[in-house]
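Visitor: The primary structure of each chain is shown beneath.
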Amino acid sequence: MDIVAILQSKPVLIGLHLGFAIIGIDAFLWLLGKLKGDGGSRKSMVITAAIGVGAFIASWLSGGYYYVVYYGTLVKPIIKSSVAPWVHNIIMETKEHIFLFVIPLAMTVFFITLLGKEDMERLKLRSLTVWLAGAIAVLGLLIGAMGFIISATARWGVIN
Amino acid sequence: MNKSKLIISSAYAAIITIIFVVIITIWAELSAPLKDWLKNFSGHHWTSKSIFSVLLYAVATVVLYLSPHTPDAGRLKKTLGLLLASTVLGTVILTLFFTGHHFQLF
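Respectively, the protein sequence lines represent chains G and A.
First residue of the first sequence: 1446, per the working numbering; consecutive thereafter.
First residue of the second sequence: 57, per the working numbering; consecutive thereafter.
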């Protein structure tokens, strides 16, 4: 089995999707802490935001590949025929579409970190940037919780 | 590089992208021909929406950045506030839409 085949396998894809999402969420929570506590240099904030953006892109690509190649044929039929088909119709449908908000939001916060502390204070953007970084983390956590519900339903669907 | 202009351009582009995702998603759920077209474009409707949203965000950011406008601090704050509101509103609208769609309200 070559490295590409390993990366394309279902458990690895799910692991990469979740793992990168956790890194993205943590990065923006970390950035939020730096902004709130007025700690960290401009460089450290730029690096933290860049890690967050990169991690969310990696999570998007790995999760997207899994969703397009495996979810529709293997997982969706189990959920749709389970006792909770609403998990696909409401939770999965909402999750896959609100994920598309994350990258433009994260990129915007990344661009704000390029300003540096003095310019951020002069333009009075610190409080709004805290809210935006928080919104990205909350959106990521919400998407994660939705993913847990979807996985749990698929497991129950198999058992039932 | 004008960083303030880049931020406001990115924020407007993100708002446009969120509005696009909400509209195309709801429209495609209610219109089978549109959903089929999205499926045929890339092989999967979600992949097509992903491609279009990334392209829209990137192109809108570049075009807005190159357009002749000078952002002031007040406008920048207002736009970032609008982006925050758009994110919350977009999430609520899509959740309510798919809930209503599941219960066949529309």
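Mixed in with the good hints, there may be bad ones.
What the hints assert, rightly or not - Taking lysine to aspartate or glutamate and the EDC-like style, the derived pairs with C-alpha atoms no more than 20 Å apart in a straight line are:
| hint | chain 1 | residue 1 | chain 2 | residue 2 |
| --- | --- | --- | --- | --- |
| 1 | A | 134 | G | 1566 |
| 2 | A | 59 | A | 128 |
| 3 | A | 133 | G | 1566 |
Hints are computed from structural coordinates only; laboratory data are not their basis.
Every value quoted in this text rests on a predicted model; they were computed, and no experiment measured them.
Visitor: Against the earlier hints, flag every one the structure doesn't satisfy and list their numbers going up.
Guide: The structure conflicts with no hint, since it agrees with every one listed earlier.
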